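All letters in the sequence shown, in the order written, are residues 40 to 425 by this note's numbering.
Since the hints were derived computationally from the structure, they do not count as laboratory data.
Do not take every clue at face value.
Listed next, with one range per pair, are the computed distances between beta-carbon atoms [stated by the list, open to error]:
id, residue 1, residue 2, range
1, 316, 40, 36 to 46 Å
2, 369, 79, 50 to 60 Å
3, 371, 42, 30 to 40 Å
4, 269, 40, 30 to 40 Å
5, 75, 233, 30 to 40 Å
6, 251, 363, 51 to 61 Å
7, 314, 371, 20 to 30 Å
8, 236, 413, 35 to 45 Å
9, 125, 316, 52 to 62 Å
10, 251, 290, 46 to 56 Å
11, 42, 75, 29 to 39 Å
12, 237, 322, 46 to 56 Å
13, 314, 236, 13 to 23 Å
Straight line, CA to CA, 30 Å or less: simulated BS3-like cross-link-like pairs of lysine-lysine [claimed, not checked]:
id, residue 1, residue 2
14, 298, 195
15, 249, 195
16, 261, 220
17, 220, 195
18, 248, 225
19, 314, 274
20, 82, 249
21, 248, 314
22, 274, 261
23, 225, 195
24, 261, 276
25, 274, 340
26, 261, 249
27, 225, 261
28, 298, 225
29, 261, 340
30, 350, 314
31, 298, 276
32, 220, 274
Fair warning: this is a prediction, and the values are worked out from it, not measured in the lab.
Even glycine gets a Cβ: it sits at the ideal position worked out from N, Cα and C.
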Amino acid sequence: MIRVGITGQPGFVGTHLYNELGLFPDEFLRIPFEDSYFQSEEKLRSFVRECDVIVHLAAMNRHPDARVLYDTNIRLVSQLISAMEAEKVTPYVLFSSSTQEERDNEYGRSKREGRRLLEEWAGQNRATFTGMVVPNVYGPFGRPNYNSFIATFCYKLTHGEIPEVLQDSVVNLIYVGNLCKHIIGKIREAASNVVPVIERDLVPYDFEKKVTTILGVLENFKSLYFDQGIIPILKDKNEVNLFNTFCGYIDFVSVYPRKLVKHEDPRGMFVETVKLGIGGQVSFSTTVPGITRGNHYHTRKIERFTVIRGKARIQLRKIGTAEVLNFYLDGNEPCYVDMPVWYTHNITNIGDEELYTQFWINEWYDPSDGDTYFAPCDNTENYKLK
40 MIRVGITGQP GFVGTHLYNE LGLFPDEFLR IPFEDSYFQS EEKLRSFVRE CDVIVHLAAM
100 NRHPDARVLY DTNIRLVSQL ISAMEAEKVT PYVLFSSSTQ EERDNEYGRS KREGRRLLEE
160 WAGQNRATFT GMVVPNVYGP FGRPNYNSFI ATFCYKLTHG EIPEVLQDSV VNLIYVGNLC
220 KHIIGKIREA ASNVVPVIER DLVPYDFEKK VTTILGVLEN FKSLYFDQGI IPILKDKNEV
280 NLFNTFCGYI DFVSVYPRKL VKHEDPRGMF VETVKLGIGG QVSFSTTVPG ITRGNHYHTR
340 KIERFTVIRG KARIQLRKIG TAEVLNFYLD GNEPCYVDMP VWYTHNITNI GDEELYTQFW
400 INEWYDPSDG DTYFAPCDNT ENYKLK
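Let's have the full structure, built from the sequences with the hints guiding it.
The following block contains the structure:
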């Protein structure tokens, strides 16, 4: 069992990495970290003592005073080094630097010099160290106006605001889930090394596009999906990742359940349930009263639940949080709820008759790569590792 701690765990990348590590409970033990540990030498020392691996993500990304930003980032690195030296421990340290290392600004300088300080510590203590030079990271749950311009665009498009392009440059981008997989791969690789390794790791980007091109893709999602409920054409995995990112900024409480248009005549009723620009798999289930299906989540799949007969309650809970969202659907007024990634979900028959539900998912089920992880909607205890 590899004991992994993440400084900056509550942040954007830290939260995703913590959750990704949780998919492998037999391989990794997650050592909890709180930002307040940097205000307590005792707690920081206790933290480093417990870790086989430390992923140092804690950093300040933006501040009106560039000097404060620089001083803060260097201080966090220095505190981490001091704690490890005081405890005489040499965990494998991965440091999240940035492609801005090469720029002449205080943020880039703080990343470049922070990596150098950790390289020196590793060399003096015969420790393994990876200084990751990370491209621009995007994904669900990032903070608008802070983590990524994509987060800002997605938030504005889903909240009635108009995004602005400040600089239309070509940007190298990596999806946060792919960055986490890269980090986990590095941890596994280091576990098999016989001798210490000190490296500068240029993390590969997923794709590069102009800012206006990305905005055009997101505006298309807004027009088709957000405004009309149509699943857009997604040309490749990168567009699937952009789509899942976009969906992460929707205010689910105000949007779901979304009603469908019902066409009735003497023959009965006709309802269009899913309009697709992509393929996938459509399935159908019946559920007897009182029974719950689901209690699982996905990290990449796009999924729609449509109730066409009976009464149902659909629950959503974001992994790592306690808040449960409840949505009530009735087949007399056909409607649907789409399942966002990293939200565990279930559906319960709360009526007196059989429940009929149609499911659509954007990819066929593959038992060897099901992307389905079980976690109850009503609590977090069974998800958190002890």
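Here is how each hint holds up against the structure:
{"no.": "1", "hint": "316 with 40: 36 to 46 Å", "result": "holds (44 Å)"}
{"no.": "2", "hint": "369 with 79: 50 to 60 Å", "result": "holds (53 Å)"}
{"no.": "3", "hint": "371 with 42: 30 to 40 Å", "result": "violated (53 Å)"}
{"no.": "4", "hint": "269 with 40: 30 to 40 Å", "result": "violated (46 Å)"}
{"no.": "5", "hint": "75 with 233: 30 to 40 Å", "result": "holds (37 Å)"}
{"no.": "6", "hint": "251 with 363: 51 to 61 Å", "result": "violated (39 Å)"}
{"no.": "7", "hint": "314 with 371: 20 to 30 Å", "result": "holds (22 Å)"}
{"no.": "8", "hint": "236 with 413: 35 to 45 Å", "result": "holds (36 Å)"}
{"no.": "9", "hint": "125 with 316: 52 to 62 Å", "result": "holds (57 Å)"}
{"no.": "10", "hint": "251 with 290: 46 to 56 Å", "result": "violated (26 Å)"}
{"no.": "11", "hint": "42 with 75: 29 to 39 Å", "result": "violated (20 Å)"}
{"no.": "12", "hint": "237 with 322: 46 to 56 Å", "result": "holds (51 Å)"}
{"no.": "13", "hint": "314 with 236: 13 to 23 Å", "result": "violated (51 Å)"}
{"no.": "14", "hint": "298 with 195", "result": "holds (24 Å)"}
{"no.": "15", "hint": "249 with 195", "result": "holds (19 Å)"}
{"no.": "16", "hint": "261 with 220", "result": "holds (29 Å)"}
{"no.": "17", "hint": "220 with 195", "result": "holds (29 Å)"}
{"no.": "18", "hint": "248 with 225", "result": "holds (27 Å)"}
{"no.": "19", "hint": "314 with 274", "result": "holds (16 Å)"}
{"no.": "20", "hint": "82 with 249", "result": "violated (44 Å)"}
{"no.": "21", "hint": "248 with 314", "result": "holds (28 Å)"}
{"no.": "22", "hint": "274 with 261", "result": "holds (17 Å)"}
{"no.": "23", "hint": "225 with 195", "result": "violated (35 Å)"}
{"no.": "24", "hint": "261 with 276", "result": "holds (19 Å)"}
{"no.": "25", "hint": "274 with 340", "result": "holds (15 Å)"}
{"no.": "26", "hint": "261 with 249", "result": "holds (19 Å)"}
{"no.": "27", "hint": "225 with 261", "result": "violated (37 Å)"}
{"no.": "28", "hint": "298 with 225", "result": "violated (46 Å)"}
{"no.": "29", "hint": "261 with 340", "result": "holds (19 Å)"}
{"no.": "30", "hint": "350 with 314", "result": "holds (23 Å)"}
{"no.": "31", "hint": "298 with 276", "result": "holds (29 Å)"}
{"no.": "32", "hint": "220 with 274", "result": "holds (22 Å)"}
Comparing the model with each numbered hint stated earlier shows that hints 3, 4, 6, 10, 11, 13, 20, 23, 27, 28 do not hold.
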